[in-house]
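Full structure from sequences and hints, please.
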Amino acid sequence: MKKTSISFILNGDNVTAEVPATWTLLKTLREIFELTGAKEGCGVGECGACTVIVDGDAVNACIYPVLEIEGRQVATIEGLADKDGNLDALQTAFLENNGVQCGFCTSGMIMSAKSLLNEKSRPSEDEIRTAIAGNICRCTGYVQIVESIDMAANKNEKMRT
Amino acid sequence: MINYEYFKPESLDEVFELMQQYGSRAALVAGGTDVMVFIKQSNHSPEVLISLLATHRMLEQSKMVKNDLTALHQGASQVGSVQVRNVGTLGGNICNAAPSADTAGPLLILDAVMVLQSPEGQRRVPIEQFFIGPSETVKKDDEVLVEIEIPAEMSRFKTAYCKHARRQAMNLPIIGVSVGVLLEGDVIADSRIALTVVAPTPIRVPQVEAFLKGKPFEEAVLNEAGEIASSPECCMPRDSVRCEGWYREEMVRVLIPRVARAALGP
Ligand SMILES: Cc1cc2nc3c(=O)[nH]c(=O)nc-3n(C[C@H](O)[C@H](O)[C@H](O)COP(=O)(O)OP(=O)(O)OC[C@H]3O[C@@H](n4cnc5c(N)ncnc54)[C@H](O)[C@@H]3O)c2cc1C
Ligand code: FES
Ligand code: FES
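Protein sequence lines correspond, in order, to chains A and B. Mapping to this note's numbering: the first sequence position 22 is 395, numbers consecutive. Mapping to this note's numbering: the second sequence position 151 is 1532, numbers consecutive.
By construction, these hints were calculated from the structure, which means they are not laboratory data.
Here are the simulated lysine-lysine pairs, DSSO-like style, with alpha carbons at most 27 Å apart:
| hint | chain 1 | residue 1 | chain 2 | residue 2 |
| --- | --- | --- | --- | --- |
| 1 | B | LYS1389 | A | LYS375 |
| 2 | A | LYS493 | B | LYS1447 |
| 3 | A | LYS400 | B | LYS1389 |
| 4 | B | LYS1389 | A | LYS376 |
| 5 | A | LYS456 | A | LYS528 |
| 6 | A | LYS456 | A | LYS400 |
| 7 | B | LYS1539 | B | LYS1594 |
Residues from chain B shown here face chain A by an in silico Cβ test under 7 Å; the list is partial:
| hint | residue |
| --- | --- |
| 8 | ILE1383 |
| 9 | TYR1385 |
| 10 | MET1551 |
Glycine included, each C-beta is placed from N, C-alpha and C at the ideal position.
Encoded structure:
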């Protein structure tokens, strides 16, 4: 199949790849860059397991046409910890607060939360629930997830002041 | 089979050239939140995808839209999830022409005009005449929706949209009710009513608008408006997987007064 060359910024690094036009961003991340944190659950935009951040916005990578990524900034769960391996406040909060059970939804959940916290450092519970409404979790019942996000927001706030 | 070339034209002229070159073998894509799902589910694609832009999330985050075009704000803010709204567009929602499209009712009560452009020129189509059936519109294959105009005076109307669904998010409406009211004192000087998922296309309900004209904005009047709107002359909802027709009818009756009150605000 004919391939097109694309360049974009992936977790802070300039990258290029040769991809068929019919690929999605998710397939490109998983199969070319071997970043398998973003998962394919439904493949049609319903479950949010594939959520990554493009130019600051959470998107469903499974229905994102890959050629649209040219020149944009993509952030995935793999890029959240700093270079020394220190976890992001969200990752720590999910671990400490049992925001993770089987883990399948977790990277998507955290990327949705990350995009929310970038926009709004102290979201209300309502805003948290809206931000993750497109992320399905079959294990936790969501309560610990919402608490984890709230905890991370509190911690960020403390570090700032 | 899924096999397509993907073009990202930089100008409208380039869009038209591509459309002329590929004709019915090409499809337009904006956010792709309908197109990409359709391609994946049917395992079949057009030969060419031509990409366009502008999102629900922009409407959701606009103070002007929230204050002056409240119903549209409420519709756009309730499309799918944040992820879907970050990419999905108003134009795509309208051109996809689902009977359940969340922005269709709000645009109907705002007298929106679709500006369609082809290599031959532009034409303007009132949204009332735009939809002809599920997934069908008057837009011709060589036309692109380039603008949606809302007359400035419509911001004088107080508007609201209610998406009645089984869950609060990630769900298409069982029924969508949009109401716009222009009050002079306590009297309804003018109104707009639109219903979604009660007919093959989203519809305006002129019978109810005529009934309301000149009446006081009060409980009994609003309740009667609900009765008229849910009568067979105005809507004939069908049974579907999401719910049965009789329930839709009942909900139209209940929601018309409720949404009218919501339009006037707390
Ligand atoms: C998980 C999920 C949940 C959803 N939930 C909802 C919901 O709650 N409510 C709702 O109403 N919709 C919902 N949708 C449907 C979809 O997101 C919306 O209809 C969206 O607005 C489509 O916009 P788009 O830009 O992604 O369209 P695309 O998929 O890019 O295009 C849709 C159609 O419009 C045509 N088109 C697009 N732009 C133009 C243009 N400028 N000129 C001419 N033709 C054009 C395309 O050729 C195509 O036929 C959902 C979708 C998903 C995947
Ligand atoms: S895999 Fe993308 S939303 Fe489910
Ligand atoms: S932890 Fe299992 S799906 Fe969320």
